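A.B. asks: Dock chain P against chain G, hints included.
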Amino acid sequence: MKRFAFAFAVLGLALSAARPAHAFHAAKTFADSPDQGGAGGIFYTGARDERGWTCAACHVNAPGKLQVQFTTTLFNDFSYTPGQTYEFTLRMLNEQKGLDAPRANYNAFVLRIADDNASAVGNITGAAADAFYMRGNSAGETSIIATQGQKPGETSWKFSWIAPAKGRGDVTFSLGVVDGNAAGAGPDSTLNDPFGDDLYTARVTVHEAKPQHAVSVPLLPSGDGAPRGPQALAWLLGLLGLAAMGVRRLGLRR
Amino acid sequence: MTRARATSLLLMAACTLWGCTQKLSGAASSSFDAGGPTDLAGAPAALDERYFICNVQPVLTQSCAMFRCHGDGTRYLRIFARNRLRYGGTEAERNTVIRPDELRMNYLAASAMVHPRKPDESFLLRKPLDQKSGGYFHRGATIFGMGNVFLDREDPQYKTLEAWVMGATWQDDPACQLRFAAADGGTDGAP
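Line order of the protein sequences matches chains G and P. Quick note on numbering: our numbering labels position 193 of the first sequence as 193, and the sequence is numbered without any gaps. Quick note on numbering: our numbering labels position 162 of the second sequence as 162, and the sequence is numbered without any gaps.
Every clue listed holds true.
Quick look at which bits of chain G chain P covers, simulated, 3 or more residues with Cβ under 8 Å: (1) 34-43; (2) 54-60.
Restraint-style ranges between C-beta atoms, simulated for each label pair: (3) G41/G - G145/P: 20 to 26 Å; (4) D101/P - D116/G: 42 to 48 Å; (5) K65/G - R139/P: 21 to 27 Å; (6) N117/G - G89/P: 41 to 47 Å; (7) Q131/P - R203/G: 22 to 28 Å; (8) R117/P - V204/G: 48 to 54 Å; (9) A183/P - D188/G: 38 to 44 Å; (10) Q171/P - T81/G: 56 to 62 Å; (11) Q150/G - G89/P: 25 to 31 Å; (12) F195/G - V97/P: 18 to 24 Å; (13) S33/G - T169/P: 18 to 24 Å; (14) A46/P - A131/G: 47 to 53 Å.
Which chain G residues stay away from chain P? Per the calculated CB distances, all over 10 Å, these: (15) F70; (16) M134; (17) F159; (18) D170; (19) V206; (20) G241.
No wet-lab data here; the hints were simulated from the structure. It should be emphasised that the depicted structure is a prediction, and the values quoted were computed from it without experimental measurement. Just so it is clear, CB atoms sit at the ideal spot from N, CA and C, and this is done for glycine as well.
In isolation and in its complexed conformation, chain G is listed as follows (with noise of 0.2 Å):
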């Protein structure tokens, strides 16, 4: 019996050591309450109601070197059309934090959605629950989509954004990308920490694409009654072969 406690003693200690210390790399501590250790709902994007503050507030002296790869059509003019759904695919390209550490390599985004007054736009999908953290109003339009970090190693990330109807106008989109370095400590490590990771930010706003008109352009001044399309197109003829004739008869008259 004595034998069977230490085992599961033995067992209960190897997994809590193996549980990581989920830190900031989880998106939930930036919801929690500042006195739970948590940034009471800023989620330091670089949005201007979180005064511009980005991840560079406690990521301190990352090296600058990660680039990030964003794809989504919705970038190729900066436009999108209204209830429109968007594919979004986030790539680190160039990880180099972390790599040693296979249990604590936790990398990271954060994607903030806003109109001009700073509210949620649009409708976050085929994003699944466990892996992503995702914050909206009571309208369902979602502000917020984050890394849960369940998964170490993660280096991509795939999702949708259904923009909003019509008339909501200008969107940003302020990204913050963490190349997680694990603590720093090694293969062992279960930790992570804010020193020593590298960092990419970048804030892009796209437009409400205008609605496309079919050109039409009036042969006649337009009024109720007023001849259209082939209608008028005979009637102005009429009225050239008329003009014709005066002219042809002025020229006799010569």
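C.D. replies: Relative to the frame of chain G, chain P by itself:
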């Protein structure tokens, strides 16, 4: 030594002595006249430490204690906070509950930023307040380029700091009263 050289040396020594005396007396009188932070005559009672723990510490944690800012241990105003700068301990302990000794140091550091006779002009209020709203220059406002911590005096966090600086106590705050009701038999509990 020639006579001229001796005279010039004497003159230099006299000037230096006179200058130093002037500087010292000037500093003393200026401090007295302006009612500077070192002049405690007429200073109000000590700032309420329990109100600080309940209300001010969370503001400092959220808006001031980032490592780039006052979570830097080398700063004059340094703030210890959970999951941020800690006084000792290991990395694994960074996200443990903040300790009473850390709260005490924060309380003293923040109190030192309060003008004893002109609390409204305290650095604790004016430095994080945007200059457009009457704040002082704050390097923190320039780093990220989108204004200071508090854009105006209506910011709820600014109002919390202002209330403390103006003399609010834990008895004014029912939540704080509840929190410390149990602690009165023991120590000032950390959040």
